[in-house]
Amino acid sequence: MVQGVETYSHLPGLVVLIPIIFTALVGIFQKKSFLLRNWIFISGTALTFAVMAFLGFFVLRGETLVANYLVAMYPFTITFRVDTLSFLIAVVAAGVWLLASIYCLQYLKDDHAPNRYFPVHVFTLAGALGVFLSGNLYTFFLFYEVMAFSGYLFVIHAETPEAFKAGSRYLMVTILSGILVFTGVIITYQLAGTLDLGSLGIIPDANIVSLIAFVAFIIGFGFKAGLFPLHTWLPAAHPVAPSPASALLSGILIKTGAYGIIRVTYNVYGIEMMQDTGWPTILLIFAAITTIYGSMAALVQDNLKRRLAYSSISQIGYILMGGALLTERGLAGDIFHIVSHATIKSTLFLTAGAIITKTGIKYVSQMAGVGRKMPYTMGAFTLAALAMIGIPPLNGFVSKWALALGALDAGQPGYAVVLLISSMLNALYYLPIVILAYFRKPEEGTVLYGDMLRYDEVRASMLVPILILALSLVIFNILPVNLPLVLAEFSARALFQH
Amino acid sequence: MIYQLPVLIVVQLLLGSFIMPIVGRFKNQLIPYISLFLMGLSHVFSIILLFRVVQEGNIHYHLGNWAPPWGIEIVADLLGAYMAVIVTGIGFLVLVFAWRHIQREINYALRGWFYTLVLLIAGAMVGMVITNDLFNMYVMVEIVSLCGPALVAIRNNRLAVEAGFKYLIMIALGSGPILFGIALIYMITGHLNMTFAGQEVINAIQEYPRVALLAQAFFIVGFGVKAALFPLHVWLPDAYSYAPSPSSALLAGLAAKVYIVGLTRVLFNLYGIEMLSTTPLFTILKIMAVAGIIMGSIMALNQKDIKRLVAYSSVAQIGYIFLGLSLVTGFSVTGAVLHILNHALIKSMMFLCCGVIIYQKKTSNIDELGGVGKEFPITMICFGIGAFAMVGIPMLNGFISKWYISLGALEYGGLAGLMYLLVIILSSLLNGLYYLPVLIKAFLGGDSQKETQIDKAPITLILPIVILAAGIIILGLLPFVPLQIASDAAQHLLGQ
Amino acid sequence: MAVLDLLLLSILVLCALAAVRTRDLLGAVIIYAAYSLLMAIIWLQLGSPDVAITEAALGAGVTTILMIATISKTGRYE
Amino acid sequence: MREIIVMIFLFGGVFFFTVGTIGVLRLPDVFCRLHANTKSDTLGVGLVLASLVIYEGLSSAGVKLIFMIIFIWITNPTAGHIIARASYDTIVDWTGQLARQKAGED
Amino acid sequence: MRQIIPVFLTLVLGIALLLVVAEMPTFGDINNPAHNVVSERYINQGVRETGAQNIVTAIITDYRAYDTLGEVTVLFAAIAAVLTVLNRLRLGVICPEDRERGLTDEDAGDPDSKDSC
Amino acid sequence: MVFSKDVLGMTLILYIFWLLISWSLNWVNLILGFTFALFVAIFMAPEIIKKEERPPFFARGFFFLRFVLILIREIFKANIQVVQIVLSPRLMITPQFVEVKQVMRYPVTQVLWGNSITLTPGTLTLDVDDEKILVHFLTEDMVAHFPENPVGKALVEFEGR
Amino acid sequence: MRMQEILILKIVVRFVIPFIQVYGFYVITAGHLSPGGGFAGGTIVAASMVLYALTFDASQGLEKLSHERASLFESLGAIWYVALGLLGIMVGGNFLTNGQIGIPLGTPGYLISGGLIPLLSFGIGIKVAVTVVSLYYSLVEED
Amino acid sequence: MIETAFLVAAILLMLNVIFCLYRAAVGPTPGDRVVAINMITSKTIAVMALVSFMYHEELFLDVAITYTLIGYTATICVAKYLELKRL
Amino acid sequence: MAEAIIALGQNYFFYYALILFMVGFYTTLSHSNILKKIIGINIMETSIFLFFVALGYVEGGQAPIMGRGAEGGPYMNPLPSALILTGIVVSVSITAFALALMVKLYQFYGTLDADEIVMLRGERE
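In order, the protein sequence lines correspond to chains A, B, C, D, E, F, G, H and I. Quick note on the numbering used here: the first sequence kicks off at 1 and runs consecutively. Quick note on the numbering used here: the second sequence kicks off at 499 and runs consecutively. Quick note on the numbering used here: the third sequence kicks off at 995 and runs consecutively. Quick note on the numbering used here: the fourth sequence kicks off at 1073 and runs consecutively. Quick note on the numbering used here: the fifth sequence kicks off at 1179 and runs consecutively. Quick note on the numbering used here: the sixth sequence kicks off at 1296 and runs consecutively. Quick note on the numbering used here: the seventh sequence kicks off at 1457 and runs consecutively. Quick note on the numbering used here: the eighth sequence kicks off at 1600 and runs consecutively. Quick note on the numbering used here: the ninth sequence kicks off at 1687 and runs consecutively.
Worth flagging that the hints you see were computed from the coordinates, not collected in a lab. Where hints are given, some of them may not hold.
Said to hold, decoys possible - Selected chain I positions facing chain E (Cβ under 7 angstroms, derived; list incomplete):
{"id": "1", "residue": "Tyr1701"}
{"id": "2", "residue": "Phe1711"}
{"id": "3", "residue": "Ser1716"}
{"id": "4", "residue": "Leu1741"}
{"id": "5", "residue": "Met1752"}
{"id": "6", "residue": "Ser1779"}
{"id": "7", "residue": "Leu1787"}
Ideal Cβ placement from N, Cα and C applies to all residues, glycine included.
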């Protein structure tokens, strides 16, 4: 693969445009026919995924796809730029999205407001893909806000008081995050005179103003990502959202924050300045705290989705840590962990959703016997939990390995220790669930829907996405070429090119 | 003929208002159509004028063929032509809106006067933005000032009359300082034409520095009262919230902006960039603008009435414009000029949305607006677009101007610049905090089972809102033309 | 002339103060009429008879009467 | 010679004006003050303007002055009259009684 | 509090003005900046150029007649505002919905017949 | 008939007024003045001119002139009296209201008489109608001297009685 | 006691009003020769009408000058002004052109001089007079 | 010489005006105030005439004429208001 | 300070205008009575007119009316007078409108006191 050939192509724009068009289509047709709506819905996400995957041919050829729109409006130019990093995360996002879409057809069958959910679901995809494919900070910020505000509709979907409460918090965080990112963007523009993300390091020199911008970026994205002191919205928002939405929120949307931090650190400031100034150390420390804190907090949660949400926080800690280590292998692990965590956490949330639909169980303590009732679902859950803990050959292991290597490269073995501790804590809060589900008999009175002991799996349309996701945890790692890892390494190398 | 355009726009609007009582004697029903026609015509003229100005530079028009220092000169420059387009365009949309809406808020015996006053105020606003003569500007300011309270009090209930009276008193208190400032400028320069006076002021400042400073202070205070600069805004919430919605849209969207343009012209044309960037008054102005941005937002937070909320948000937005102007950098002035347009669009649209809500629900209390979004999705979506534009979401026009003002703050440099940036950012947050609950309540509150339906309001109510919302989006996506004009106008103002 | 000017101006200020301080609104308006009378002389002193004649016509004929008309429609005392 | 006449008329007028002013200050109630107003002021204006007429002669200004004298002499008593009329109904005079009762309406 | 703010503002204003007046051009001086080429032309050429002896009238109705148009407009605005506020002169328009309620064009003239708002 | 004798007379008076005020014999001035005088006369004559209210002014002009002269003399006297009253250390006044009989026949002469009373010594007219005049007297002795007021006599002569 | 029963006032006002009006018209038309002009003259004329309305009754005056008629005159006055301004454009000049483009100025010092100035003053005068009276009636009129 | 006399007369008249103003300010009834204002009006007319002769500007007399013609309108207005409590 | 005193000797017109301005300003702000506020505004505007016209004064000048024989001497600057004529009209218009609003306010609230009106409004709301 050769890096650096830029090809002008409208395909990235198309990728973002398709979901928007399908949002409109879903919105128009959902009154007409239930079935038609579903087909349009699925085909929209599928088409997006297909086009996204098609971009892979170019990326694997080493080309960087660039598309500029509204050039005259500089600096408000909408630029898409697909390099390996963008492609990798975006294609995972699109894939997870497609699966979540298939899943939610069944999940939201008896929902109270499907007419809101389905368009928003597609529209948020546009936002997320726009963020991942953006070629300059303006585009990034634009789609970041679009995605964030449509994510609000995920959070408050249930329209319960808790949902609104969580929604308010989410909204607050979104606005704060938005304006902080805005601050960073505008200071960047002021300092650099450009917003282009194509080069490595556009900020000319390190001074107090650029530090302020950096901090603003970090805090802004940290809000979104759930960095330790800024994470409070996350455990509130994830449980109240519908499960596919939680899967997307946790799997994809919070990754935009991490993605943004990577972009800012490596593309806006550049590795040299970061290494010279050592600013990312702040991030590193907070990331470590986040890792430990998330795991510790997850231990004491009884609500399943809440536990998963805290787990997400802890995993975000890994990701940010990988970015902040400023080593190539650490970055590769970071990028790969974005991918792997996206799949793992989506799996976990989708299974949690499946469990909730079928049994109504929301708490870990009630989960006894679920394994027997829903073996496939619980199997997928187990697989994902193991991946999260970091059992080889699951992809969680691969990313953690790479991260640990990165930490060692950076000469900071302490962070590898943090990884280890966190992994152990992961085991401590995931394995009990599995054990409970498989080896404990349900107590009397906890039966919510039907017989807990009878085999009663969810419908295939929900099960298939879960299984595909679970499979993807393994499949890439047992193939001869671990394609995501290769791509991650490649993009990490690209970001380290001087 | 095209050479006569600048004055024709003004005169035809004024003439239109003069003939209204005569039309009313013979055929009442013609009044809306005539005013719509005239407003539309002047919009077309303004656009032609703008094109002309863009192509060929400023149009200097000498009233009565008297050369400038002796006669009155109209200079249709970019800023003026641009404002004329805004004024007539939004005025047209407001008139379209009012055509069916005023039956809710104005006694039918007074509706003809509403059209008369709208034409008057529009004519005076256009006349004010394109004039190059200090005293002529004062006269036009006074017409606007007189029509404003009348448009508030036309609702003829106790609250509206009280608000109108407060508005009138404050505005009259403001016109005194303006005239005094003109007198002082005349005293030290001997000219009323801004170009000539500006040339003289450079010399006069050496000899009479304090007089020049005092004149500046008077201009700022006078126009500040009229444009509701923060500590002088006391009339604003009542006036905007008790006025009929089309009036509110007109006053908040246009009148306040026009005053700001007047102040801009006076200050920048007379004093020149060097003095302005060093004058202590601009520091005070900056502080006032910042206070306005923060306090306006904070006061908007706990409003129960949707029009009042939007009105308080005006205070904050006007603070933005003043901040942009007082920073006196290329970007910030561009941003301020741009924000004049953007805020005009947004605020007019939001008040018109409030008008639709009042038309449909006969209430403007936020607590009673649960689920309005489901009942009138188009209106509330437009309202949401406006709110998001205020917050500064990209792709909406509010972002662009906010961007430029922030850039200006950074360009201003130093810790102060960062502080202004912080204020702008903080205010975005506050904007979000007070607008989003309304939207959430409108779309998600109330009876969730209510079936979504198309707005029942007449098309003439929906259409202006939709056009304005489309304008917000289009100007957010493609801000090229206004941006170019604004930056050229800013360059012109800054004398570069 | 300056003596006359100063005298006139002083009386003018006195007049303004009296108009402002009078509790009886009718009295205030009447004194305000005197204010405009003195103003007219000052316009003459300053050599602008046009303004003086306008002020004369207004002060004697319009402003005062409109104010009294308003008082007659409202109340006389503060 | 003419100047002396002018001066006499002028200061005569001023004298009567002064008397009127003192009267307005000293006299006890509206009606008595009106006496000072109507008589002294009318004559005062008349004398001052007449002095100017003498000074100027029958030019356009003189004619204007004469017109002024005529109009003042017509309107000033009328004004006094209607003030008295208006006060008559509404005002308690200086002796503390309603003016109307004193006039023998009983 | 109510009294303090006006007093304070007035005092500030007064001090500012006091300081400024000391600097102003001398009253009545022919060499003041205000007596410049503009007023010279009005005085010297005014009669020839406008035909009016009274230069003030020449200015308000010829040199600066546009201001006078504004003045006329101000008066028009004032009377329109007063008639509006006091509801004296009807200049009504009947909207379609009013017509559905049974109002006719004749009603547009009558402010008291059926209240619409 | 619009152009009655009244209208024309009024026009003439106003025209003279115009000419004296404008003090110019330019032809435009003449025409314009006449136009305005005529305009005002035509518009105002129905309101202004009521023939039955006034004695024949022009026929008895001499008496009117005499009345005016007597009036001026009386005004001087009145003012001297006011000076005496006002400038005396103690106010020697005994104000009182007295109704006196109306002697005039025409409204116009009643008005002239009323205003003359106001202008003449120590008296102030308060009310005028066909039967009586309400007069405010400044001092006691003026009440006694009131009937022999020369102005009244002159005015009665002017009325032609 | 009704105001219109005050004989002295009634007759004196009736005597003075025509003179005021003629003087007002003089001030209007001779505005370019002597102090005054449209506004002052119009106000004087208006004062005469107000005087009339005060002395007799407002309702009587209102019959002569109803609000409808007054607003007609106001509009006509303003339109007259604008029309004279547009005349400037007709003859090839700018708005409100007077002597610059071909309008004869006449001899200074006479009533017909100054081109359009007397006409403009006349329009203003009419408008102002009617406006002031209309203001008075608006404020005074009983509801 | 004669101008000085005019000036002195005008100043004396203005001094009178101060006292009239005192009456206008304290005058217990509106009637008193109106009387005082009436006196001020006539003094003003005289002063105006004097001023016009001091400056040799006979056109200033137009202003004085205006006052003589309409100066008592306000008086009538007040009187009518006092009598009828309306206009 | 010394220069201020010297200037007082010459610029007394300006000083008085400013005093009047302050009087009007203070009245408008501090008086709660509506009519007083209106009078205050009028005084304020008049003071500005005074100031403006005083700018046009020329020592020993004639009124700017030509063609009266005695030509030649310095003339007053006619421009301020011309401007002030317009200004006076504006001021009267504002006064008239304010008075109309005042009548209406009295009809609605039954008082002329601004504070009381605010209080009454608060009660009704």
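A quick look at each hint next to the structure:
1. Tyr1701: For Tyr1701(I), the interface hint holds, since the closest Cβ of chain E sits about 6 angstroms away, which is under 7 angstroms.
2. Phe1711: 6 angstroms, holds
3. Ser1716: It holds, given that the least Cβ distance between Ser1716(I) and chain E is near 4 angstroms, below 7 angstroms.
4. Leu1741: Nearest chain E Cβ about 5 angstroms off; hint holds.
5. Met1752: Interface hint status for Met1752(I): holds (5 angstroms vs cutoff 7 angstroms).
6. Ser1779: 3 angstroms, holds
7. Leu1787: It holds, given that the least Cβ distance between Leu1787(I) and chain E is near 6 angstroms, below 7 angstroms.
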